[in-house]
Amino acid sequence: MSFDFPSLLSADGAPVWAAALCTLAIWTFLIRDNPIYRLAEHVMVALAAGWGVGYYYYSYIHPVITEELIGQGRWFYIIPIILGLFLYTRFIPSVSWLARYPMSAYIGYGAGYYLAFNAKPFLSQVTASFVSFSQPAFTGTLNQIVFFICILASLVYFFFTISKERPAMGYASQLGKIVILIALGAHFGNTVLYRYNLFLGRLSYVLGEWMGLLQ
Amino acid sequence: MRKEFPMLLTVVAALTVILSQFFFHIAEWNLMDVLDKWLNVMWGIAIGLGIVNLSVVHGKKIMRRAPGFYNSVVLLAILYVYAILGLWTTTQGYYHAWIFDNVYAPLDSTVFGLVAFFITTAAYRAFKVRTWEATVMLLAGMILLLGSAPIGEAIWADWAHLRQWFLDIPNAAGMRGIVLGIYLGGFATALRVMLGLERAWMGAMGGR
Chain A
1 MSFDFPSLLS
11 ADGAPVWAAA
21 LCTLAIWTFL
31 IRDNPIYRLA
41 EHVMVALAAG
51 WGVGYYYYSY
61 IHPVITEELI
71 GQGRWFYIIP
81 IILGLFLYTR
91 FIPSVSWLAR
101 YPMSAYIGYG
111 AGYYLAFNAK
121 PFLSQVTASF
131 VSFSQPAFTG
141 TLNQIVFFIC
151 ILASLVYFFF
161 TISKERPAMG
171 YASQLGKIVI
181 LIALGAHFGN
191 TVLYRYNLFL
201 GRLSYVLGEW
211 MGLLQ
Chain B
1 MRKEFPMLLT
11 VVAALTVILS
21 QFFFHIAEWN
31 LMDVLDKWLN
41 VMWGIAIGLG
51 IVNLSVVHGK
61 KIMRRAPGFY
71 NSVVLLAILY
81 VYAILGLWTT
91 TQGYYHAWIF
101 DNVYAPLDST
111 VFGLVAFFIT
121 TAAYRAFKVR
131 TWEATVMLLA
141 GMILLLGSAP
151 IGEAIWADWA
161 HLRQWFLDIP
171 NAAGMRGIVL
181 GIYLGGFATA
191 LRVMLGLERA
201 WMGAMGGR
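The listed protein sequences correspond, in order, to chains A and B. Residue numbers for the first sequence, in my numbering: 1 to 215. Residue numbers for the second sequence, in my numbering: 1 to 208.
A couple of the hints might just be wrong.
[As the list claims (entries may be wrong)] Straight line, CA to CA, 30 Å or less: simulated DSSO-like cross-link-like pairs of lysine-lysine:
#	chain 1	residue 1	chain 2	residue 2
1	B	K128	A	K177
2	A	K177	A	K120
3	A	K164	A	K177
4	B	K3	B	K37
5	A	K120	B	K128
6	B	K128	A	K164
Hint data in this document are derived by calculation from the structure and do not stem from the laboratory.
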């Protein structure tokens with residue numbers, strides 16, 4: 001096993017060195033908080049924000065100005081530009097209320113979109129909950145019964161307007177709580193797996209692409 | 001003007017989307033497309049708000065010579081150089097894309113990967129068997145982890161099957177209950193916003 005670093009000055013090697021050094025700079029945090037990590041963190045924030053400027057300009061603003069406003073003379077496209085600029089009035093206290101105008105458009109669109117487009121997925125979730133108990137195998141039937149009972153129990157847990165003091169409601173609610181805890185535990189386990197996946201990806205990059213140890 | 005017109009604008013925007021979705025003749029006017037483009041333009045302009053905020057926060061740190069102010073100098077320098085480079089060459093430009101691929105992307109994925117170490121200690125604290133509820137979460141998390149990692153299969157060949165059953169039956173049922181609750185809560189909130197009963201989004205804005 002021997003190290004095989006790429007040439008720092010070659011066209012193929014420079015990107016690997018840059019990526020590997022950035023990775024190591026972040027990993028220094030595992031020892032303790034230090035100036036190298038903080039510098040890398042600031043560089044990351046700066047690049048994320050700086051990238052957003054070019055991306056949003058060329059994705060959203062530039063096409064509307066060149067194609068709609070100038071190209072087709074649709075003057076009313078000046079309105080969103082003015083409304084967008086109103087967002088900056090929050091820095092001037094005397095006219096800061098103007099920032100509500102663009103916010104109201106966002107909020108109204110969001111509310112309308114939710115009411116108009118989410119009824120379908122909601123109903124499909126409801127209909128998918130009514131599973132068929134008639135399955136070819138007994139285990140299949142048992143699974144569907146367990147699934148249905150678990151859904152009912154988790155819904156009962158969210159009924160806050162009905163008293164849980166009645167035994168049936170109390171037990172159902174307790175079962176619902178267990179089912180929801182299982183779902184949250186599984187969700188947490190998935191998150192842990194995803195993060196480790198990212199870490200292992202970086203580790204294999206540093207050991208393989210940069211150090212040349214995994215060939 | 002300060003509260004009434006924004007409220008009216010909210011209702012108009014919401015109704016435009018709803019009517020465009022449910023009425024064919026209104027959908028033909030393409031109001032939804034126009035509104036989409038309007039909001040995208042406003043969204044694009046809003047990115048500058050983040051730049052201004054970053055500049056103000058870090059500018060103050062530099063002026064005060066606060067500890068670590070040199071990081072703020074680097075941040076502002078890179079922010080403006082990279083933003084100008086993006087506007088000049090577009091995000092597809094060679095140098096812009098090179099920096100994104102070889103500096104930003106590795107930094108970003110390493111930071112998110114770094115969370116793996118802290119999430120493990122968080123898992124220990126969260127799942128430590130104190131109550132029966134924590135035990136249930138611990139078991140669910142352990143079954144999922146052991147069923148996904150090769151070590152689980154080395155210990156017991158059927159871990160993967162147990163993991164799949166947990167994902168398909170109790171996990172799916174629990175998530176369904178949560179999702180249905182979220183949908184209903186979302187509908188109620190959207191309706192409250194549209195009817196003007198929910199005004200928290202207007203903020204205090206100096207109490208006016």
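Quick rundown of the hints versus the structure:
1. Distance check on the hinted pair: K128(B) and K177(A) sit about 18 Å apart at the alpha-carbon level, within 30 Å; holds.
2. Our distance criterion of 30 Å between C-alpha atoms is met by K177(A) and K120(A), whose separation comes to about 27 Å.
3. At roughly 13 Å between alpha-carbon atoms, K164(A) and K177(A) fall within 30 Å of each other, so this suggested pair holds.
4. The straight-line distance between the Cα atoms of K3(B) and K37(B) is roughly 25 Å, inside the 30 Å bound, and the hint therefore holds.
5. For the suggested pair K120(A) and K128(B), the alpha carbons sit about 40 Å apart, so the restraint of at most 30 Å is broken.
6. At roughly 28 Å between alpha-carbon atoms, K128(B) and K164(A) fall within 30 Å of each other, so this suggested pair holds.
The structure shown violates just one earlier hint, number 5.
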